[in-house]
Structure formats: C-alpha cells, structure tokens
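Go by the hints and put chain B onto chain A.
In case you want the letters, here they are:
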Amino acid sequence: MFDIFVKIYEYFIFFYATSLILSYLVLAIFSFIAINRYKSYNTDIDDEELLHSDLAPGISVIAPAYNEEKTIIINVKSLLTLNYPLFEVIIVNDGSKDKTLDLLIKEFDLVEAPFAYVEKIKTKPYKRTFKSTNPKYEILTIVDKENGGTKADAFNAGLNASVFPYYLNTDVDCILARNTLTKMIKPILNSKTQVIAVGATLRMSNNCEIEEGIITRVRPPKALIPRFQELEYIRSYLLGKMGWELINSVPNVSGGLGMFDKDVAIKAGGYGADSHAEDMDMMTRMAVHMMNNRLDYKIGYIPLSCCWTEGPPNISILNRQRTRWASGLFQMFSDHRKVLFNPNYKRLGLITFPYIFIYEFLAPIIEAFGILFSIFLLLYGYVNWNFAPLILLYSYTFAIMISSVVIIWDQMTFKYYNTTREVLTLFLTALVEPILYHPLIMFFSLKGYFSYITSRELAWGTMTRKGFDSDEDKGGDKDSSGDSGNNTDKKPGLFDRLKNKKDSSGDFEPIKT
Amino acid sequence: MGFVEWFLSFIYKIKTFPLIIQITIVLTLFFILATLALIITIYTIRRRHNRLQKILENSVPEIVKLFEDILFTDKNYSEQEIFTKFEDIVEEVNRESLDIAVTVLVNFKNEDRESEKYQLIINALGIVEHLENKFDSRSNSEKMDAFQEAFVLDLNKFDAKVLRYAYSRNQQIRSEARNSYLALSNNDPYRFFDEFDRSLSKWDEIELMQYLRLQKDRGNLEGLGKWINYSENDSLVVFLIKMVGYFKQRGIDEILMEKLEDGSELVRAAAISTLGELGIKETEQTLIDRYFTEPEICQVAIVKAIKKFNTGKSLNFLQEIFFESNNTDTKKIIAESILNYSYEGKIAFQNLKNSLSGFDLLILQHVETPLIKYK
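These protein sequence lines map, in sequence, to chains A and B. If you read the first sequence in this note's numbering, its first letter stands for residue 1, the second for the next number, and so on. If you read the second sequence in this note's numbering, its first letter stands for residue 1001, the second for the next number, and so on.
Misleading hints may appear alongside valid ones.
Distance condition first, Cα-Cα at most 30 Å in a straight line; then the derived DSS-like pairs of lysine-lysine [unchecked claim]: (1) A:Lys127 with B:Lys1248; (2) A:Lys122 with B:Lys1375; (3) A:Lys267 with B:Lys1242; (4) A:Lys192 with B:Lys1216; (5) B:Lys1248 with A:Lys120; (6) A:Lys192 with B:Lys1054; (7) B:Lys1109 with B:Lys1202; (8) A:Lys267 with A:Lys346; (9) B:Lys1373 with A:Lys106; (10) A:Lys136 with B:Lys1216; (11) B:Lys1216 with A:Lys183; (12) B:Lys1308 with B:Lys1248.
Interface residues of chain B toward chain A, partial, derived using beta-carbon atoms under 8 Å [to be verified]: (13) Ile1025; (14) Phe1031; (15) Ile1042.
Hints in this document: simulated from the structure, not taken from any laboratory. Values in this document were obtained by computation on a predicted structure and should not be read as measured data. Here a beta-carbon is modelled for each residue, glycine too, at the ideal position from N, C-alpha and C.
So here's chain A without its partners, still in its complex pose (with noise of 0.2 Å):
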C-alpha cells in the first residue's frame, strides 16, 4: 500500500514540475514574441512626439507614505522630475507617525488648502490637503489621511484627490526612469481596445547610483539577498508578464509601478481596503467589472525597466515583505474565490488564476510536503539513490537555463548594466539562486500562508529603508516602531472572514450571467 502511494507521488511530483517547466518554455516563447513586438512598434522618437503634443491625457501620479521620513524627500523629489506635459504628483501621508509630513511641509513650502475632497471611494477619514506655496512645486499635493492599515487605504484617497484619466500607482521608495510616464502611457494611446492598465519591470535600487531623484548608474546589487530578488523581478517580469501580456492574461500589475484607467478602477470600487495584495486585488476587480459590463479590455506590459526599488537587504526584512506578499495571495484567493475556474471569466477564470493558483499559491505547500517526505523517506531508507540526484539535476539544471533566458531577454531589451562583468555577476546568481534563495522564499510563505489563516497582524509599509543618501546608515526599524500599532482592531480569522463573504456580498462584484 505504501509502495503504491510513493509511485503515485513520484509521478505527481514528476508531472507537476514538467507541467511548471512546460509553461515556462512557452512564457519565454511568448515573452520573446512580446518583446521583439515591442520593440519594433516603439521608438524615442514616439517619446518626443508625445511630449509635444497637446493631445497627451493628463496622468496622476499617486504615491502613499506612511513613515518614510528617511527617503521622502529625495523620492518626491525623483517623481517631481518626470518627464511628461500634463502630470501631478500626488503624496498621500497615511497617518504617518514620523517627521514625514513635517519633512515634506518644510522641503516644499506646503500649505493646507481650499481642497474640494470627494470621496468617491470610501477610505478612512481624510484629513486635509496642502499645496506648495513655491512654483516650482505647483503639480505636488499632499493628502493627509488617518491611517487605513493598508497601502490600499492611502491609494484610495490618491485617487479621491486625483483629476486626470489615468494614474499610475508608485511607492514613495521608488525611483523612477523620467521617461516612465511616456513609455507607460504609450500601450494605452497605441491600442483601440480600452488598456484599462499597464506594467512596467521593477529592479533594485541598492547598489545604484541616485542623484537628485535621478538614477544616473545601474549596477547589480552588491549584497546577495537584493540581488538574488534583481533576479526573480527580471524574471517575472520580463518573461512571466511579458509573456501574459501576448495573450492579454496578465495576472497582475506590480503596486510599485502600475498606471491604471482611473474611471474604470473607481467604478471597480477601488482597491480592497483590508487587502494586503492590493495590486492583484485591483487588477482582478477592474477585469472583473469589465466582463461583467461585457466590455472589451486589455491589460499592457513593456519590458522597460522604468522603477528602482530598495530591495530588502537581508533576510529577516526579506522575511516580513514575503511573508506579507503572501498572506496578500491568500487573501486574494479567498475573496476572489468566484474568479477561479470559472468559465464566465474566461481567461482570467480558466487560464490565469488557476495558473497563479497551481504554480504560485500550492507550489511552496508541494514543496514543503516534498521536503518532509523526501527527509521520511531517507529514514526509512526508500530513497532510490540512483535516480533521486538525476531528478534534482534536472529541476536545477532546469532553473538554470529559465535564468540565463530571462538574462539574454534583459539584454535584448535594453542594457542597462555597462559592463559585462555585471551581466555575469548576475548568471552567477542564478547559479546558487536554487539552492540558497529559494528554499527560503517557499519558507515565508508558508509562513505568510500561516499567518492569514491565524489572523496574525500584517501592516504596510513593513519594509525597513535605509535611505538612499548613505551606505552606512542602516536606520530604524520602522515596523517595529511604528506598525505594531498600526491596525489595533483584531482581524477576523479566515473562517469568519469566509463566513461573512457568504453573508454578504462585501465589495467584490459578482459576476452577472
């Protein structure tokens, strides 16, 4: 009977990880189909065009900040020197319990003004607004709010606070290329299907070199734990994302850089307030609105890297950013439990959520399972010895390969790194990627996984920064200080939160047939 089920898992483990390996093989394939497209239909000079013309949709940039007092200043500064004809920058203070809004009030001469706040999406009471007294400075507003616990909350009132069509969702430590706007909003201006959002790749900022706002030298990060999530972003983005896009089954725009169409994401209801997956939350809602109104919709990618991001630089930061992520991903299954296998969502119900929800959401608990069975059967010494290392050679090998793909993809794009060594600094990685790195991010979230279903506290903002005027200066703690009380109420376990779900329709839209 044992014997029968080790050969029934054998072959599970064995299917599961060709099935992954397979839809790896055809992501890169699309991912190069969408890459080569992009770039033959894109050009700088499309980028002048746009910025003279009197044709170019206003865009809002909104950016939430809670407690970020150490990399506020530089990193409004950084938004403030996008390069685009009609854009304002707006700064949502979440209830911050640093200098972060005394630090901005001083740097840009802001004071409170006659603001008509609407509050067509509803978020945790808005407080004022303040407007820079100084020209210079005449497209930034900052909205001050009572803290909603979630980086959704803060987004919430940017949109509130916003006037133009579209926005594009940032996080105050992000750096972004001054191009972004005119790259981002290009899918949209291009396509005669409504683009209802569009993503952009992400990279670390850590061992980069920033002037006034401005990225002036990439390099790989120097410290291994950012560069080993250079990496995984390179990956996901270019060949998971860009390969969705092909077939307009992108799963998710990323919270740290996403530009949306704002009159489709309020009719959607905005972001989930409780959610701690906020981008795929809104992403999901908006598609879902569209289908339900039966209207047609993409959602664009481009394979520029446009956002600079301060990468967790060990593993107990690493720790609390996987570990929420993942609770996020499990909140996200449970309150868009509808979407999964349902054929009136079409491709977002038959084709990208149960891939997220088999390759994404169950591969750290097969994993996990994996392990322990694998430590099982070495006790009992069950292991066939001649076989069990050709197979973990083959995942490995395998991871390899995808990583090397994803590099040449990178550097098919654009170069961004001058020199060669960097590029294989970056192979390198790849090489004890699998073994060093991985097991770790499957750890968290499990334990992300654990916490949801525990109803463990889980703030935004649990990023520590270390700011980006010094090296050495290795900061506070910013989640100990500040997040633990963040959220006093409770949360309700998964159990009520179903229970209610069930009891009421809640926010989420279901679907008409």
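Only chain B this time, still in chain A's reference frame:
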C-alpha cells in the same frame, strides 16, 4: 575505461532505466546545452554592444561638433568635404555610421535647432538612400524608424515608398504609413482619410495632429473641414472637428451646426467645443437651449464653450446650472467658468461665495485658489 566506452555503457544503462528517468536525463542534457548556448549568446551580445559603445563614445561628440559647425555657423562646406570629414571620423560610411548621423540630426530637429543647411548634410551623406534601404528592410522596426526619421527630417520624397506600405497586411505598419502619408505627401495628403476603416487610436490622433501641423505650415490645411462631412467614421469625424477648432479653421459653421444634431454624443460634444474654440458667439443661445436635454459630456462642452465666448450674457444661466448640478467635477467647471466670465462673472463669483456655505463654498474656494493648478 576510455570515455567512449564509458559513454556507450552509460547509454546502454539508460535504456534500462524507467521511461520517466530516461525523459529526465534527455531534458537535463538539453537544459545544460541550452544554458551553454545562452551564455555564449550573452557574451556575443555584450561584445557587440561594447564595440558599438566604444564607437559611439569616440565618434558621436566628433559628429555633433562637425554637424554643428556645418549647420549653425557661417562656414561653407561642399558635399564632398562633408562626406570626407564624416568618413574621417567614423572610418567607414556604412549603415551603422549613417544611423548615428541620422540620430544626431533628429536630435537637433527635436531640440528645434533650425538651419537651412540640413539638406546639405542629407545630400552629402546619402541619407535619402539610407532611409530608402530602411524602408525596404525586412525588419518592421527599421521601417518604423524610417517613417519617423523621414518625417522629422522633413523629407517628402518618400510618397511612393510610403504608399506601398499603406496597404500592408501588418496593421501597425499600415497605420503608420497612412498617418505618415499625411506629412510626407505634397500632392494628395488627405488621400487616406476616407479609407480609415476602424476607429482611430489616441496615438493615431497624436500623430495625425502633428502631421496636420506640418501641413498647416505648408499652407495645405484649407481642405480639412470638408472631410467632416465626407467621412462616415465617427472617431475620425470627432478628431477632425477637434482639429478644426485647434487650428482655427474658419468657414465651416454650418457643418458644425449640423453636427449638433448628430446621433453620437461624442460628435456633438466635439462640435460644441469647436464652436467655443472658434468663438462663434451667435450659437450661444442655441447651446443654452440644448443644455438640459444633453448628456453630461455635452453639458460640460457647453459650459466650456460659453466660457470661451465670454459675452457676459449667460451669467444667470451659469449660476442656475451651478445650483442644479449634482456632480462635483461639473460644478468645479461651472464655477471656474463663472469666475473667468468677464468682470460681471468675478462679482457674481464673490456674491456666491458670500451666500454659500459647506461643500459648495469649498468648491468655490478650490476653484479660486491659485495654489491648485489642475482643478
């Protein structure tokens, strides 16, 4: 045991393995070989890139200096001199070096650095032939570059080439060719206006507007208004009506009045806005009469048109609709119109401020404060 013997025995051994393991081994070997191939490719790409960077680093400042000398000083160069000096810098005048030259010239143009001697460089280096080769290239990316570079460098010698792609099966190339034809043709620039089979994308509009600006500079814009009546494509009609307003094309008042009765609210809204842009004040009362029966998009256009007319006759109407509107965004637009509606408007605005309270008062303060740039 030699390697060959070991290898053969290994192959023989593999045959005895279960099928799954056999597949695993084959795939693993494939992954290893593919990785090696990819590393070599990465190295090749980087090597080529580094070589190009070196060329650019050395030659671009020299090329910029040479072109600046030719274009923006009084010095006289012959075509042969230009060619020789350019060749001295780049060592070989080929596709790569000509691309660099074109990029430098395009940058000058984009920086609005005007000179009458661009044509001299273009002739000397054979840039027309270079762009012709790019048009003929199999790469779509090259073709797209050629379309745009020809436009920026103001080279209207490519009618025939562009025409060839105006019926391309590739939708992007077809669209780019048709749009470019407007800029690159001297004889019949509007040829494709009646062949737009689908709605225009916003990018089409941006490109067409840019090309129309060029036609305006050439004095060829007069015929634009007639296409409003000829075209049955709503999105093109909306765009053309907007452009008539933008370029202040007179003499089509009747067509615009007709379009006020159009079935599409987008067409009506565009017509109303253009009446405002053109300052056709006789239509003010007609627009007011229509206000309460129109959808919001047209109502907003009417308010903006009245603001543009600035006759001072419709102050009561603006005040009335300010009180009646329930939409904050519309209210802001109406309040802004009142504030900027002649001297009487300013007084009425102050009176409103004195009489209102709560959120309505906040809207007025919002509109009035100069600190808020985008209302």
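Here's how the hints hold up against the structure:
1. A:Lys127 with B:Lys1248: Status violated; Cα separation ~45 Å.
2. A:Lys122 with B:Lys1375: Holds, because 21 Å separates the two Cα atoms, which is no more than 30 Å.
3. A:Lys267 with B:Lys1242: Holds, at about 28 Å.
4. A:Lys192 with B:Lys1216: Distance of about 27 Å is within 30 Å: holds.
5. B:Lys1248 with A:Lys120: violated (37 Å)
6. A:Lys192 with B:Lys1054: violated (41 Å)
7. B:Lys1109 with B:Lys1202: Answer holds: Lys1109 of chain B to Lys1202 of chain B is near 24 Å, not above 30 Å.
8. A:Lys267 with A:Lys346: Given pair Lys267 of chain A, Lys346 of chain A holds - Cα atoms ~21 Å apart, limit 30 Å.
9. B:Lys1373 with A:Lys106: holds (20 Å)
10. A:Lys136 with B:Lys1216: Violated - the C-alpha atoms of Lys1216 of chain B and Lys136 of chain A are around 34 Å apart, more than 30 Å.
11. B:Lys1216 with A:Lys183: holds (28 Å)
12. B:Lys1308 with B:Lys1248: Holds: Lys1308 of chain B and Lys1248 of chain B sit about 14 Å apart, inside 30 Å.
13. Ile1025: holds (6 Å)
14. Phe1031: holds (4 Å)
15. Ile1042: holds (6 Å)
Of the numbered hints listed earlier, those contradicted by the structure are 1, 5, 6, 10.
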